[in-house]
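Asks: Using the sequences plus the hints, can you model the full thing?
Line order of the protein sequences matches chains A and B.
What the first sequence shows, in our numbering, is residues 20 to 521, in sequence order.
What the second sequence shows, in our numbering, is residues 17 to 267, in sequence order.
Derived by calculation from the structure, the hints in this document are not laboratory data.
Please note that a few of the clues may not be correct.
[Unchecked claim] Okay, the calculated bits of chain B under chain A, using three or more residues with CB under 8 Å as the criterion:
(1) 61-67
(2) 91-104
(3) 113-119
(4) 142-150
[As the list claims (entries may be wrong)] Label pairs and their in silico Cβ distance ranges:
(5) A:Leu92 with B:Asp84: 54 to 62 Å
(6) B:Glu80 with A:Ile366: 46 to 54 Å
(7) A:Pro380 with B:Glu80: 38 to 46 Å
Remember, it's a predicted structure, so these values are computed and weren't measured experimentally.
Glycine residues also receive a C-beta, built at the ideal position from the N, C-alpha and C atoms.
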Amino acid sequence: MKAALRRSVCVALLLSVSAALAADDRAIQVGSKAFTESVILGELVNRMAINAGATANHQREFGGTRVLWNALLRGDLDVYPEYTGTIELEILAGKNIAPGEAGLRAAVEAEGLRMGRPLGFNNTYAIGMREDVAQRLGIRTISDLRDHTDLVLGFSNEFMDRGDGWPSLRDVYKLPHTDVRGLQHDLAYRALQSDDIHAMDLYSTDAEIEYYGLRVLLDDVEHFPTYNAVLIYRPDLAVRAPAVIKALTRLEGAIDGATMSGLNKRAKIDRVSEDQVAADFLETTLRVSSEVVEVTILGRLLQRTREHLTLVLFSLAVAILIAVPLGILSARHQRLGQLILGAAGIIQTIPALALLVFMIPFVGIGEPPAICALLLYSLLPIVRNTYTGLTDIPLHMRESAEALGLKRGVRLRLVELPLASRSILAGIKTSAVINVGFATLGAFIGAGGYGQPILTGLRLDDMGLILQGAVPAAVLALLVQGLFELSERVLVPRGLRLDPID
Amino acid sequence: MLKLTQVTRSFGATVAVHPTDLSVRPGATTVLIGPSGCGKSTLLRLMIYLIQPDSGSVRFEGTEFNADDVLELRHRMGYVIQDGGLFPHLCAADNVALLARHLGWDETRVSSRLQELADLTRFPVDGFSRFPAQLSGGQRQRVSLMRALMLDPDVLLLDEPLGALDPIVRSELQVELREIFRTLNKTVVMVTHDMGEAGFFGDVIVLMRDGRIVQQGTLSQLLNEPADDFVERFINAQRTALHVLDEGSAS
Numbered sequence: 020m021k022a023a024l025r026r027s028v029c030v031a032l033l034l035s036v037s038a039a040l041a042a043d044d045r046a047i048q049v050g051s052k053a054f055t056e057s058v059i060l061g062e063l064v065n066r067m068a069i070n071a072g073a074t075a076n077h078q079r080e081f082g083g084t085r086v087l088w089n090a091l092l093r094g095d096l097d098v099y100p101e102y103t104g105t106i107e108l109e110i111l112a113g114k115n116i117a118p119g120e121a122g123l124r125a126a127v128e129a130e131g132l133r134m135g136r137p138l139g140f141n142n143t144y145a146i147g148m149r150e151d152v153a154q155r156l157g158i159r160t161i162s163d164l165r166d167h168t169d170l171v172l173g174f175s176n177e178f179m180d181r182g183d184g185w186p187s188l189r190d191v192y193k194l195p196h197t198d199v200r201g202l203q204h205d206l207a208y209r210a211l212q213s214d215d216i217h218a219m220d221l222y223s224t225d226a227e228i229e230y231y232g233l234r235v236l237l238d239d240v241e242h243f244p245t246y247n248a249v250l251i252y253r254p255d256l257a258v259r260a261p262a263v264i265k266a267l268t269r270l271e272g273a274i275d276g277a278t279m280s281g282l283n284k285r286a287k288i289d290r291v292s293e294d295q296v297a298a299d300f301l302e303t304t305l306r307v308s309s310e311v312v313e314v315t316i317l318g319r320l321l322q323r324t325r326e327h328l329t330l331v332l333f334s335l336a337v338a339i340l341i342a343v344p345l346g347i348l349s350a351r352h353q354r355l356g357q358l359i360l361g362a363a364g365i366i367q368t369i370p371a372l373a374l375l376v377f378m379i380p381f382v383g384i385g386e387p388p389a390i391c392a393l394l395l396y397s398l399l400p401i402v403r404n405t406y407t408g409l410t411d412i413p414l415h416m417r418e419s420a421e422a423l424g425l426k427r428g429v430r431l432r433l434v435e436l437p438l439a440s441r442s443i444l445a446g447i448k449t450s451a452v453i454n455v456g457f458a459t460l461g462a463f464i465g466a467g468g469y470g471q472p473i474l475t476g477l478r479l480d481d482m483g484l485i486l487q488g489a490v491p492a493a494v495l496a497l498l499v500q501g502l503f504e505l506s507e508r509v510l511v512p513r514g515l516r517l518d519p520i521d
Numbered sequence: 017m018l019k020l021t022q023v024t025r026s027f028g029a030t031v032a033v034h035p036t037d038l039s040v041r042p043g044a045t046t047v048l049i050g051p052s053g054c055g056k057s058t059l060l061r062l063m064i065y066l067i068q069p070d071s072g073s074v075r076f077e078g079t080e081f082n083a084d085d086v087l088e089l090r091h092r093m094g095y096v097i098q099d100g101g102l103f104p105h106l107c108a109a110d111n112v113a114l115l116a117r118h119l120g121w122d123e124t125r126v127s128s129r130l131q132e133l134a135d136l137t138r139f140p141v142d143g144f145s146r147f148p149a150q151l152s153g154g155q156r157q158r159v160s161l162m163r164a165l166m167l168d169p170d171v172l173l174l175d176e177p178l179g180a181l182d183p184i185v186r187s188e189l190q191v192e193l194r195e196i197f198r199t200l201n202k203t204v205v206m207v208t209h210d211m212g213e214a215g216f217f218g219d220v221i222v223l224m225r226d227g228r229i230v231q232q233g234t235l236s237q238l239l240n241e242p243a244d245d246f247v248e249r250f251i252n253a254q255r256t257a258l259h260v261l262d263e264g265s266a267s
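Replies: Written as structure tokens, this is what we have:
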């Protein structure tokens, strides 16, 4: 009965989720990785598709390489910008790939996807240092690093364990460094400036290289391959929207390295929105005009609040429907209860981001995985407090209800749940407040909400933008807390809120 | 009425009730008494099937308790415990009427029954809207008694019903309770550890020790013909209380 309830809740959830997805089934889903250049390229694709008459949607800052590639394979995305070196050495590492562009294209097609022609620039990895530090230590090449074992290296998290990243770089150059840290790419530039790290991985089209006047170390054994930017797309796109495929070919060869660096600089250093940067480029280079909608801060705030509340409320509502019955079940059957509480506890120990990404294969991208992950995180406090609330009811109280001759279900409804209401409500409150904070991570997988400006703010090193997400999230958490305290006065029976007179 | 045949009950390694027979006399008040841990409360809880016997049978009006009939049999019994066992989230009236409403009584019937019970137990009607936490100990026991009597059950089971009250309220309520039992002519089984109270209420007194019935009979039988040394010692230890009682009834 409980299992059936749980199943039907899950089915209902999935149905509503797929209904939401089906609504813009026809829209072309463009993805981009969580760094500026990728967002600009994604926006270029998005605008070209719209210009070609299609409905398109840009899932910006969608995640890392693996997340995007898998989303494309599954059909959650239709197209996203990738780099040849990444495909060869990271995504398809270990596969037998014939040399050259044709070989790589064949390999991509063998995976069931399509690869366009290079967009015109090579954004290779490089290792960079502050000019003054490099000068002082006399370091010109990556090999020179070998003699300076005390240097702290800071690499983007993806670079840390990519096939073409730090592990192979270390092996090829025999680098002995032990203090090697993983950190977010944009933050690494700041750490380099403050001398917390001494060398970092660069993307050769990064605007910061010129802006900070960094020294790019010579790749003297030619370890890093070529990272030509290309578009990867699903084959069915050619059937669904041939005009879009045709339009996208106009981007091929249209962006050289200097141009891309310039676009990156406008977005990151000059703080022009990626939408504007993309629109301006298309206007001047391809004579494709597109509209840039400037959303007001208030408008954006409202939309993010709506997205955030959707995540929190939907997941919380379903969590209550699942967790309260589980709590009741746990209170009734001690052994099963330990099992349920244990399982809910284990879920709680899974790192938030890992849980989010783990959800993608099951329920796709955007809101559904975020809601599912939030839901799973909400279970433990509610299950535990329902369990505690029920088992804390004194024996004589339970026996008084039983002695009246009430059925178990009736006792539960009329006596036990009301007596446990304060505890259950406290559990729901805990889950709600945790959810408000946790939902900010939803932006990492395209679910929007207050996490979006935080993510973008981190990438653009823009404290104002970060606060646009962090402050409303904190306010919402306080608001939720306050609302629950008010609701206690309505939901907890008055008789339980009185002090005894003797 | 209520009949226990060779019932036994253990909790883990502890034997709470050794094979015991007991027949409760209809219309009379039977008091179960004995030192702490003698099994008197366990016996009472066996009678309403809050705990099941390991062996033997519990019959109520000839029907043996079993899982199917237990609810219906309980509707014909009223149960009162030491601190009332009132549900703190419900006001006095809702506590009393909980079962009747669940069984589908209409509000007219409920409120006229509440009025009857309030008269019987001398409970002030304005107290009905109060929550248990807002009532005195004595009032709580009146509400608890009303709840037990709501469906006009055949038998009342009371587990130390006056045990948590201060002496003045307690002696007042003793007198009132006995009045009520006599008025209603109910079969009553009461658990107490107080010999004075046992003598005051009990038509039949059942003295227990270590999970066994040592002697059952009237007060004078226990006083004059103690079955063994233990009965004599148990009664002597509580003589003072009996003495006071004797003086009270003499004056």
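Asks: Indicate, hint by hint, whether the structure satisfies it.
Replies: Hint check:
1. 61-67: Satisfied; 3 residues make the cut.
2. 91-104: Check passed, 10 qualifying residues.
3. 113-119: As far as the segment 113-119 of chain B goes, the hint holds, because 3 residues have Cβ atoms under 8 Å from chain A.
4. 142-150: That given contact holds, which follows from 4 residues of the segment 142-150 of chain B lying within Cβ reach (below 8 Å) of chain A.
5. A:Leu92 with B:Asp84: 54 to 62 Å: Cβ of Leu92 (chain A) to Cβ of Asp84 (chain B): about 59 Å, so the range 54 to 62 Å holds.
6. B:Glu80 with A:Ile366: 46 to 54 Å: holds, 48 Å
7. A:Pro380 with B:Glu80: 38 to 46 Å: violated, 58 Å
Hint 7 alone, counting from the list given before, is not met by this structure.
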